[in-house]
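Protein sequence lines correspond, in order, to chains A and B.
Each step along the first sequence adds one to the number in this note's numbering, with nothing skipped, and position 51 is 91.
Each step along the second sequence adds one to the number in this note's numbering, with nothing skipped, and position 27 is 46.
Careful: at least some of the hints might be erroneous.
Said to hold, decoys possible - Derived lysine-lysine pairs resembling DSSO-like cross-links, with alpha carbons at most 30 Å apart:
| id | chain 1 | residue 1 | chain 2 | residue 2 |
| --- | --- | --- | --- | --- |
| 1 | A | Lys55 | A | Lys118 |
| 2 | B | Lys89 | A | Lys102 |
| 3 | B | Lys22 | B | Lys89 |
| 4 | A | Lys118 | A | Lys51 |
| 5 | A | Lys102 | A | Lys56 |
| 6 | B | Lys22 | A | Lys118 |
Hints in this document: simulated from the structure, not taken from any laboratory.
What follows is the residue order along each chain.
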Amino acid sequence: EAGVVQSPRYKIIEKKQPVAFWCNPISGHNTLYWYRQNLGQGPELLIRYENEEAVDDSQLPKDRFSAERLKGVDSTLKIQPAELGDSAVYLCASSRDRSRDNEQFFGPGTRLTVL
Amino acid sequence: AQKITQTQPGMFVQEKEAVTLDCTYDTSDQSYGLFWYKQPSSGEMIFLIYQGSYDEQNATEGRYSLNFQKARKSANLVISASQLGDSAMYFCAMREALYNQGGKLIFGQGTELSVKP
Numbered sequence: 041e042a043g044v045v046q047s048p049r050y051k052i053i054e055k056k057q058p059v060a061f062w063c064n065p066i067s068g069h070n071t072l073y074w075y076r077q078n079l080g081q082g083p084e085l086l087i088r089y090e091n092e093e094a095v096d097d098s099q100l101p102k103d104r105f106s107a108e109r110l111k112g113v114d115s116t117l118k119i120q121p122a123e124l125g126d127s128a129v130y131l132c133a134s135s136r137d138r139s140r141d142n143e144q145f146f147g148p149g150t151r152l153t154v155l
Numbered sequence: 020a021q022k023i024t025q026t027q028p029g030m031f032v033q034e035k036e037a038v039t040l041d042c043t044y045d046t047s048d049q050s051y052g053l054f055w056y057k058q059p060s061s062g063e064m065i066f067l068i069y070q071g072s073y074d075e076q077n078a079t080e081g082r083y084s085l086n087f088q089k090a091r092k093s094a095n096l097v098i099s100a101s102q103l104g105d106s107a108m109y110f111c112a113m114r115e116a117l118y119n120q121g122g123k124l125i126f127g128q129g130t131e132l133s134v135k136p
């Protein structure tokens, strides 16, 4: 089966510019996650979707970050305006409901550099 | 608060030897899951192994095994017969509420493993 697809793989923008990341989860996976991974650290959850509903967005900086998952499949994460501190790798992951080991499958990530 | 601690920023191992990567966790819950992921330089997080808090046997997946010591709150990853392709960052992660199918993962800082030929 195809894995989690993310685009773009790399993005370089100037501060105050907007940016958007796209994620297509594994077919049939109802749960979708966006994580941010700063350099030298482990990923941290930004938002989790169950189908089209955002069920955990407590870590999402809502003043500049937004996300959507229309129709419960693809998802887009947006930053507007971007700040220098937003430079990181943004990882998308998906999981299948009721899977025994609750494995989350990760995409390759989008590496964002804000200048 | 839940926390994962990986105290080894970097590790070296000779090819074909075994290596243990340390992980300790902190949680007040009785029900939780522990995961190890591998992250090569390409950036993708690759699932390696899972241990549930109520599992009585230590998890094994091929060359990977998880040394689960519940009383010590440790979940060390053992890689047997190291290969050059094992060189990568390794992350320990925890998810609370074992049967909460969509719970977030809390990751440690990671350990960078380098396998020497």
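Margin query: Tell me the hint numbers this structure goes against, listed in increasing order.
Written below: Going through the list in order, the structure violates hint 2 alone and respects the others.
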